[in-house]
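Participant: Residues per chain, in single letters:
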Amino acid sequence: MQMNRRQFFKVCSAGLGGSSIAMMGFSPNAALAEVRTFKLARATETRNICPYCSVSCGVLIYSTGDKSKNSQSEIIHIEGDPDNPVNRGTLCPKGAGLRDMVQSANRLKWPEVREPGSKEWKRISWNEAIERIAAHMKADRDKNFQAQNKDGVTINRWPTIGALVSSAASNEAGYLTVKTLRALGVTQLDTQARI
Amino acid sequence: MIRDPKDLKRYDASERANHWVVGISFILLALSGLAFFHPAFFPLTQLFGGGTWARILHPYIGVFMAFFFVLMFLRFKHLNKMTDADREWLGRAKEMMDGNDHNMPEQGKYNGGQKMMFWCMTLCMVLLTVSGIFIWRAQFSVPVDLARFGAVIHAAVAAIMIAMIMVHVYAAIWTKGTIRAMWYGTVTRAWAKQHHRAWYRQMTGK
Amino acid sequence: MALQSLDIKQRSATTTPSPQARQTIEIAKLIDVSACIGCKACQVACMEWNDVRDEVGNCHGVYDNPMDLTEKSWTVMRFSEIEEQGKLEWLIRKDGCMHCADPGCLKACPAPGAIIQYANGIVDFHQENCIGCGYCVSGCPFNVPRISKTDSKAYKCTLCSDRVAVNQAPACAKACPTGAIQFGSKEDMKDYAAKRITDLKERGYEKAGLYDPAGVGGTHVMYVLHHADKPDLYSGLPVNPSISPLVALWKGATKPLATLALAGVALGSLFHYVMKGPNEVSKEIEKEIEKEDAQ
Amino acid sequence: MTNHWVDIKNADLVFVMGGNPAEAHPCGFKWAIEAKKTRKAKLVVVDPRFNRTAAVADYYAPIRPGTDIAFFGGIINYLLSNDKIQHEYVKHYTNAAFLIDDGFKFQDGLFSGYDEAKRSYAKDTWKYQIGSDGYAKVDETLQDPRCVFQLMKQHYSRYAPETVQKICGTPKDAFLKVCEYIASTSAPNRTMSYLYALGLTEHSVGSQNIRCMAMIQLLLGNMGMAGGGINALRGHANVQGITDMCAYSQNLPGYLSAPNEGDKDRATYLEKRTPKALRPGQMNFPQNFPKWFTSLCKAWYGNAATKENDFAFDWLPKLGGATDTLAMFHAMFEGKLNGFICQGFNPLASVPNKKKVGDALAKLKYLVVIDPLATDTSEFWKPHGEFNEVDPTKIDTEVFRLPANLFAEHAGTFTNSGRVVQWRWKSADGPGESKEDAEILAALFLKLKAMYAKDGGALPEPILNLTWAYTQPAKPSPEELLREINGKALTDLIDPKDPTKVLFKAGEQLPSFGFLRDDGSTACGNWIYCGTWSQAGNNTAKRDNSDPSGLGQTLNWGYAWPVNRRILYNRASADLAGKPWDPQRTVMKWLGDKWGGNDIPDMAPTAKPEDYVMPFIMTPEGVGRLFSREIMADGPMPEHYEPFESPLDVNPMHPNNPKAKSNPAARVYKSDMEAFGTAKDFPYVATTYRLTEHFHYWTKQSQINAIMQPEQFVEIGEELAKEKGIKAGDKIKVRSNRGFIKGVAVVTKRIKSLEIDGKKVHTVGIPIHYGFKGATKPGFLTNTLTPFVGDANVHTPEYKAFLINIEKV
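Chains as they are written, first to last, in the numbering used here: chain S, -19 to 175; chain F, 28 to 233; chain Y, 7 to 301; chain P, 2 to 810.
Worth double-checking, as some hints may not be accurate.
[As the list claims (entries may be wrong)] Here are the simulated BS3-like cross-link-like pairs (lysine-lysine), alpha carbons at most 30 angstroms apart as the crow flies:
#1 K455(P) to K118(S)
#2 K136(F) to K289(Y)
#3 K43(P) to K236(Y)
#4 K297(Y) to K33(F)
#5 K236(Y) to K41(P)
#6 K136(F) to K36(F)
#7 K49(S) to K543(P)
#8 K99(S) to K448(P)
#9 K93(Y) to K448(P)
#10 K124(P) to K130(S)
#11 K93(Y) to K43(P)
#12 K476(P) to K102(S)
#13 K337(P) to K99(S)
#14 K213(Y) to K753(P)
#15 K476(P) to K93(Y)
#16 K761(P) to K167(P)
#17 K364(P) to K118(S)
#18 K293(Y) to K36(F)
#19 K93(Y) to K233(F)
#20 K41(P) to K89(S)
#21 K118(S) to K448(P)
#22 K99(S) to K743(P)
#23 K395(P) to K118(S)
Simulated from the structure, these hints should not be mistaken for laboratory data.
With the hints as constraints, model all of the structure from the sequences given.
Facilitator: In structure tokens, the structure reads:
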């Protein structure tokens, strides 16, 4: 009978193993061999778009709960949206790690102010923040607003303020930002597209 | 069994304690080691609180045993020097095993077989300790090939060692009147005269 | 989740066969190194899906990071710059468990059910059964499993058995932006690889080929290599991997032979006793001693 | 992108120069790999570094940073002198045949009209010869010495392969090999997709770099074709959308040129911006400017914008002087700004010369940072060891930090690089008290409005009258905003051809900008987005990804501007008779009565081929421009100029004219000019870039990305490392004339020294991404090193080529 090394070992070990178990009089409990439960089974799926580069990959965001009234949604996983014709479910290392961006330890949670000369941040309420910023803005606008240039042309410009608008904001937020800033007379505004 | 004041002192208390410390350690090591060696023995890990505990304990028991084995080695090594009589005894060991010890040469405290066993165990113990270190991942990290080599050596030597201990134990059972030497430290003069006549003479002057 | 959501082919430290009646598709992951851009999306997706986060390390003067597989990095990209006949190539290989058909880790593992090979080819570690001995590390021809410093359990790529169990591709394959990681039946993967190899040959890589090493019975993670004749160019991919002969000896011959030997000694002793009887002190000597005492 | 991401798969050649899509846009780059896999396409990369795109390329050629125009000029020369152009296309669809003013000249590195004192050109000679009929004169034989074709041929004949090698350091045979690949796509049925990103734009000649490639693609007939095009791979998820919304000074939403001090009233303003056709019968689409602009005014000021008040023209602020990022920070540095709003932007990290930016911020009275993350900018005043050495007690800026939401926490649209506008749905609430950007803006604006209503102040009208008809004024919803952006009829719109027919009732959403009017009867926040939310509903939320043509057009997925068109200038994909150049990849064809095919026609739908309406409808001449007339600040044809910090003493093209060493029309502030270093002190060329593991200065805040690439490094070639005694893993210090950073040395074979004009030049690569705030190892901001100078046209800073020195720490 021809037998290679592996078969020989198999026969040896199977035969002996069986006999040894009988000899020992007891056998190991069947250890469960189940895979980790599929964690998205009942998670809530929302379609969104990756906020990084301009490929605008479709993403599926999975969160806990079912959006019922008393449950807070917590994002547990983000992966590519296979329906999206551009990324077709794939994601790059940035996109695949989006969950850690959403849950970054450096997310801001409340308004803060650092007062002139101070070494620290101070937590303030939204009301206080908006009131203090608006007071600064109005005082500056009223003081420095230019209605006309030296040639008498109406220019209605607020020259002492500048703004940078986020390229990661949605079109809607961006539009609203432009609309309000222009209404205030801001001409010094720019966005990441420049740089 | 009646204890007789004239029984011969074979082991003092500390020697006996040393022996049993090593012996118990060995039993624990064998039981846990076998569990890792062959699936059939894996349930033995239950004796140690499960597989993980067995894995954690085994090497520490090993170190413990190695330490006490060294003590034992130092105690007994001078008694285990091989002599011509031992060699002759070994040459005729088959007669002995057949239960026919009439023509065996006179033996001192230990016969040739016991001395042989002593040295073999010492060798095994060294091999087991060194190879055990190679595969003790929780404490040491060695190149993978060394670990693989260590695993083979550890397994093979351990099997040999277990077999030897089985022979050692069997010999003690088979030779009636022996085990008490490790319990109370004494043997009967008859036992000594029968099995270790040279030692008997030395002890009794007869 | 049902116990047998994936059918089991073999379990570690188990001497009897697992149920074998059901036949499921053998799956494989194919890593097309020629399409890999080393972006590490697979590394990120793996960590994200499996809820592990490695340490934030340091730069060591190379693009690789983390530098090696760990209990929390189940896959890493390995970068190597080579220059052959004046042509610079940046070979980037995704390293991780190969899911061998003949897994050395499983062979070496002493803990029943700590390593499972599913019928679809996935070799999975079950940490709850793992005793932390590290034998799998010795058993693996690819140097993949890692023992955690904190819980002393062995970890490695699961091929996302949880995803595959519900018929989803592993997280790395799903994420891979360029399709360098493909996932499907092993059959399909081989067909796909053949197409890629033809394309590579047309582009001048005459030695392009599939890495599916026979020494471990084939793998369920395969590579398409431009230089299949020199796998070691790819950060030391083994040229001809197989389970180490030492491991084969240890978990092969030694196991039955030693068990047999021990049984032999035990039985031999028993029968020796039965057949030869105990070795008792002879009556004569006892009498001699009595005589001495009487004197 | 003139084409779109998926379309890259239709290319025969994917050419990447000035970009690194494998690292910066991996998921878009998949389509280049797809082209390789399915069309046997070739991928060619030209870059200073052998990067991860090069790792999968068929061919790679090195180049010295900042010398792209020399390389492109060489390609143009190759194509023209080897007759590798798409003749029919060039003749009809470009301005090759147009005759140029006799006064136009190029001499000694300068075009006619240069004013050295102003560093700018008078461009009155950079124009077409106009015939008696009022149209531009052409010579269809292309033989007239004043025709664009001949001028171009002459201009680029100076860029011989040897010259390219001398300037760029690219070995001649490597350069010629690249030319061969590119020339192969001059066949009418072969296309090249050209991919670029900031590697092309971030130079003092950035705009001209891109012009070069546009010219090459026109010569090859690759514009408008499936698998062709000029494809800018843009940076942020919504940088396209925010650019479309024109969150920058020069334009109003929809690229409507914003009024400036020269526009005294609406009539003068409109007149200047409403061009006349330069050739007979052309669509000259920008002639509709008044409709778009008036509809915008109505969207913003509603009933308050009336014919009588010039549709509130005066309420729009008028531009005066430069207002780009560099200009703004320069003004701030000079103490001319009091307040600054920084929304989702980290200028301390991302604007050149960090020291200057930090000093500028310290001169503000107040700074408002609106961001989801604790940015470096928000803590410019806070000491962070050697990474940010400041004394907070001496900084009087009041800094507010307002927590904004991230993408997952609000709904709305993003526009991708391929102009596809896609809707997103909200997944979870933001952390703590964070709010949406729109809500924060609304809160601030409504507060100011209330203050102006109560107390009055400087010109309150535009504030008080700004339309704000949102259901919850404090929380304008993205749905309402998108409807406003799309636009609607304000009164019933009567069909001009049939007065009995009402096209749209008052209040109805409009389906396309074709219905916008200049009489105040329509409102539209951004004309190019008209159609995103028509009466049929939210078209950006469409999710039918079917692709009947197989070209990847997916016309029912989201909504691409304009009018859901996926490939711009697609009329050019067919010949004069309307037959596709490549029937296998039909984008557009004449169906006998109208245009049709696999896209929305970029052409009047029923304009017959024999009407000779040319494909480039956004130009008054109807054709693509090889000669850009007066549109560019620094010349109608690109010319090589050295970066402002160059390892060479002269421009090898013009060794005798120091004025033509670097871009003569680029704006440089005096103090910044003084901060330039010279090759004597800073002998190595540095270039900055992104790594695939990180996204700008965001992902340093993300644990998982920090793990992937935890620490600042600097890439140097093996030869330089040996010279300097640096080993991989050593810490090195990189100095420019503006500061220093430290990083770990990555010693590589992938950056080689180049032989430039007889001189050995080493390039050093410096990734951005690191800073003092984040999960990565704290580090320096790379832009500590970069020069504060930008492109002559759009002032994009020169991050990609400057001088440094290195030493082992």
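Participant: Run through the hints listed earlier and report the numbers of any the structure violates, in increasing order.
Facilitator: 9, 15, 19, 20
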